[in-house]
Amino acid sequence: MTEHKHPNYMAIFWILLAVTVLEVGYSFLPVPRSVLIIGLVALAGFKALLVALYFMHLKFERKSLGIIVASTLILGAILVSVGIGEHVLPKP
Amino acid sequence: MTQHATAHDHALEPPSATGIPHDKMGMWVFLCSEVMFFTGLIGAYIVLRFASPTWPAPGETLNIWLTAVNTFILICSSVTMVKALQSVREGDQRKLKLFLSMTLLFGAIFLGIQFYEYTHLLHAGFNPHVSLFGSVFYTTTGFHGFHVFCGVVCMAFVTGKALLGKYTTESHQGVETIGLYWHFVDLVWIILFTIIYLF
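The listed protein sequences derive, respectively, from chains A and B.
Per this note's numbering, numbering of the first sequence is gapless, rising by one per residue and ending at 528.
Per this note's numbering, numbering of the second sequence is gapless, rising by one per residue and ending at 204.
Think of the hints as simulated: they come from the structure by calculation, not from any bench.
All C-beta atoms, glycine included, are put in the ideal place defined by N, C-alpha and C.
Be aware that one or more of the hints could be misleading.
Stated by the list, open to error - Once the Cα atoms are required to be at most 25 angstroms apart in a straight line, the calculated DSS-like pairs of lysine-lysine come out as:
1. K102/B / K441/A
2. K166/B / K527/A
3. K102/B / K166/B
4. K29/B / K499/A
5. K495/A / K166/B
6. K527/A / K441/A
7. K495/A / K171/B
Stated by the list, open to error - Heads up, incomplete: computed chain A residues facing chain B, CB under 8 angstroms, no partners named:
8. Y445
9. E459
10. S463
11. S470
12. K483
13. V487
14. A488
15. L489
16. L501
17. L515
18. H523
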């Protein structure tokens, strides 16, 4: 038997909603493209992290499960990085 | 951020070497494979976008506000899903049935709005073969929509079982397992909404 405390799900809901509104508003701001992309990715990453940690209860799970999920994310990051590198890095 | 403590009793489930119930571990492994699936799609989108000399502004073609509402609906469904799980753990059958039914309804509304969006876009001449953006848009959002559809079908099954009183405080792994899948679908949409609609 394992025990953990239920997070305040409604608080997380309001945070997710506020960040979504912020995201949409931010996307209309006349800022440089790179700043726009970095900001939006950061906001989306924050929302995804909240969902994974609190709604999927990853924060309260065993470390072994966290390692499995983290391994997948690292592999995914490598996959995307290789693709981006094809276009960003100078060609021989 | 805490309200109260709840015990998770898995006494009725078979022992697991990992200490995690088998069906929950199975769902997590499945979700890991799904992470790679969507990473492939998102990676392809990023590579194609980098490689394209021009890319249309999504706001000129897509209805960002409608999709923002759809994102809100999916976030609502995640909250009702997690509240359903909390309810069954606390032995509140009435709230379990209510929150599962609400999750099912939100999922169906999400699909309905996506269907409306597709119909509108196709009538406006924005087809999968009209441009690279069109191909990427329909492939990524289409696969996500298919996942939501599968989730709604499974959710209907779980809701049906809940209405028949099949889940108890001691035995409710089905609710937790479908919940994990549902939250994952929400998580993927959070990322897709940002990179497809807002970039």
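> Is the interface hint for Y445/A satisfied, with its Cβ closer than 8 angstroms to some Cβ of chain B?
Replying inline: 5 angstroms, holds
> Holds or violated: is there a CB of chain B closer than 8 angstroms to the CB of L501/A?
Replying inline: 6 angstroms, holds
> Does H523/A pass the interface check with chain B, least Cβ-Cβ distance below 8 angstroms?
Replying inline: With a closest approach of 4 angstroms, the H523/A hint holds.
> Given V487/A was flagged as interface, is its beta-carbon under 8 angstroms from a beta-carbon of chain B?
Replying inline: With Cβ-Cβ at 5 angstroms, under 8 angstroms, it holds.
>> Checking one constraint from the list: CA of K527/A to CA of K441/A, max 25 angstroms. Satisfied?
In response: Distance of about 53 angstroms is beyond 25 angstroms: violated.
>> Run the distance test for K495/A versus K171/B: straight-line Cα separation, threshold 25 angstroms.
In response: 28 angstroms, violated
>> Given E459/A as an interface hint, is its Cβ closer than 8 angstroms to any Cβ of chain B?
In response: 6 angstroms, holds
> Should the hint that L515/A touches chain B count as held when the rule is a Cβ pair under 8 angstroms?
Replying inline: 5 angstroms, holds
> Can the restraint linking K29/B and K499/A be considered satisfied, given a maximum Cα separation of 25 angstroms?
Replying inline: 15 angstroms, holds
> Holds or violated: is there a CB of chain B closer than 8 angstroms to the CB of A488/A?
Replying inline: Hint on A488/A: holds, closest Cβ of chain B at ~6 angstroms, below 8 angstroms.
> Given the hinted pair K102/B and K441/A, is their alpha-carbon gap at most 25 angstroms?
Replying inline: Roughly 22 angstroms between the alpha carbons, so the hint for K102/B and K441/A holds.
> Holds or violated: are the alpha carbons of K166/B and K527/A at most 25 angstroms from each other?
Replying inline: 58 angstroms, violated
Taken one by one, the earlier hints fail for this structure at numbers 2, 5, 6, 7, 11, 15, listed in ascending order.
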